[in-house]
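2 protein chains.
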Amino acid sequence: MTEAVLNIEGAVCAPPLTHNEQIVMGHGAGGRMSHQLIQKAFLSAFENPALGAGDDAARLESGFHESLAISTDCHVVFPLFFPGGDIGRLAVCGTVNDVAMLGATPLYLTAGFILEEGLPMETLQRVVASMKAAAGEAGVQIVAGDTKVVQRGKADGLYITTAGVGVIVPNLTIGGAQAKPGDMILLSGSIGDHGIAVLDARGELGFQSTVESDVAPLNHLIDAMLNASKRLHVMRDPTRGGLATTLNEIATQSNVGILLKEETIPVRREVAAACEMLGFDPLYIANEGKLVAIVAREDAEAVLRAMRATRYGEEAVVIGEVTAEPPGRVLVRTTLGSTRIVDMLAGEMLPRIC
Amino acid sequence: MTEAVLNIEGAVCAPPLTHNEQIVMGHGAGGRMSHQLIQKAFLSAFENPALGAGDDAARLESGFHESLAISTDCHVVFPLFFPGGDIGRLAVCGTVNDVAMLGATPLYLTAGFILEEGLPMETLQRVVASMKAAAGEAGVQIVAGDTKVVQRGKADGLYITTAGVGVIVPNLTIGGAQAKPGDMILLSGSIGDHGIAVLDARGELGFQSTVESDVAPLNHLIDAMLNASKRLHVMRDPTRGGLATTLNEIATQSNVGILLKEETIPVRREVAAACEMLGFDPLYIANEGKLVAIVAREDAEAVLRAMRATRYGEEAVVIGEVTAEPPGRVLVRTTLGSTRIVDMLAGEMLPRIC
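Line order of the protein sequences matches chains A and B.
Per my numbering: the first sequence ends with 354, consecutive numbering throughout.
Per my numbering: the second sequence ends with 354, consecutive numbering throughout.
Simulated from the structure, these hints should not be mistaken for laboratory data.
Certain hints may be false.
Heads up, the list lumps identical chains together, so a pair's fine if it works in one copy or across two of them.
[Unchecked claim] Here are the simulated lysine to aspartate or glutamate pairs, DMTMM-like style, with alpha carbons at most 20 angstroms apart:
hint, residue 1, residue 2
1, K180, D299
2, K40, E122
3, K230, E270
4, K40, E21
Bound-form chain A, shown alone (with noise of 0.2 angstroms):
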């Protein structure tokens, strides 16, 4: 009676490794880079009978009255603490909302800590905390954890990683292959935040910013869109690698095109100045408390009537559509009046920011 999906986040097809190839920052970046690792080295071995559904956890029917969803995060983000939030607050979100993001309840986090010589207790201790909180606010518990320590300078303070357990409503099938020509594509809120505070707190923006990270549990604004709508397709969170990867991923995995309106996109003006002084596509940004949704047309206006009214959907917003053509392919209606392609992220862009 079991059967899993092999579920490592955003997998696609990817061109074969080199040989003598080393690990490089952009492989950890959420991008292309990261997809060819996952490709390359895990999902070969890791081989499971449903293979590669490449969702932010895994589906699993084990002889269960429910469904279980499965997820796991590592967190590394640097530095630990930043405007909005702290490793400890991410690592909580992050894995709730994966496990969320298929439908299912949270329900139970484990957390594994990997601590530097030389952290300060009182760091931990404040991590912890935040934890307690970001587990308290999303209603699921922290049941199980393990602690190793390291020697000076092989690790950066402390990283976390994150597994969840939660049960999927019954009949209920949301996924990264499950959109479809028609559907509309909802956005809960400004893109960048994240990615921006992070910067923020890493002195690297060269002027004062008020911008605070999204990061947040967000299964109490999907409760409520699942009560919204039986035809919610796909639900994701666009975190590494931004809006564009997880909408390119999207499109690859149900093999459609998507068009998106630029000027309904909302992105904070502090977020888009320091965008454009770096250089950067707030669409590559990574974000912690935001979520994609794919829905049925029809039911798009009471889904996003539903997010509006929760804390973490006041802003929410269409941003677009899903087309038939070109399959795989993101595109961009400028305000002009071009489109233009948005391919996914390629390499590094912004290393350690979750």
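Once you've looked at the hints, dock chain B against the given chain A.
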């Protein structure tokens, strides 16, 4: 319906941490300092309804047909490859074993990789191949993963954090608090092999050794034991901190005494020689493919027979018994007839052993 027990490996009571305290290597060694860290930094924050069972995995009731067991382990062993195993095999077996120690059938694993920039791809592929083989041997599926990359010098090649989910056989209550006076204590084979094999790989032995790590998945051994007896009270794998620390944990959790016969505890000749030279006590050396079981006296013989019929239990022996007095203490009767107290490992002995 959801009820969870907090589970952070081997938690016991501990004095308060002092202000300005920093993380030191001993906090990761699995002994008394690790327990203090867990108690102060984690248990107080992540307090759950049924507090601090302190087993290797969490037992969860959540409205499923079966109860779930969930566990997690970080792996930072140095070097990555050692006689008899590698970090990949360790990461799979460690979590499989923690789930199985609750009398659960491990089904699914997640794997989170923190990779250091510059890691040869071939190294990663060898580790992943080893994980695949170990997962196949254990009969579990790796269903979710994540990969992060940190800059050169910010990790030591790679770290792997695995989490595991299993189903608990109904009506079975196995845990560290279940030992009863009169129970017999069984050990599945020789102790100290893993720790000495890793020291050998580091070139720290100073002589030629043929000792191999015992790293192995023990779930099939446990299946055989469960078939032989319904009165298995405790099972645990004596990893970091060794047999002495594991038995101290159990004595504390069950509030019983434990009396061992020194000459019955199997130690390979080379392991004993290495320990003598280096000033180590094999009772404190880590194992990664051994388990200690506490069984009702009348079933001990049947369980021992069942263990010896399996690959990883061929050398199983009875090493002692549970006593009413002195509660919380582990005593060893030496070959000379004297009795000594065996305390928990205090701080650091062998860092980065798993």
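Evaluation of the provided hints:
1. For a Cα distance limit of 20 angstroms, the shortest separation of K180 from D299 inside one copy, 14 angstroms, qualifies, whereas the shortest one across copies, 60 angstroms, does not.
2. Taking identical chains as interchangeable, the C-alpha atoms of K40 and E122 lie at most 20 angstroms apart only when they sit on different chains, with a minimum of 11 angstroms there against 41 angstroms within one chain.
3. Within a single copy, K230 and E270 get their C-alpha atoms no closer than 37 angstroms, and across copies no closer than 65 angstroms, so neither meets the 20 angstroms cut-off.
4. With identical chains, the CA atoms of K40 and E21 are at most 20 angstroms apart within one copy only, with a shortest distance of 12 angstroms there and 43 angstroms across copies.
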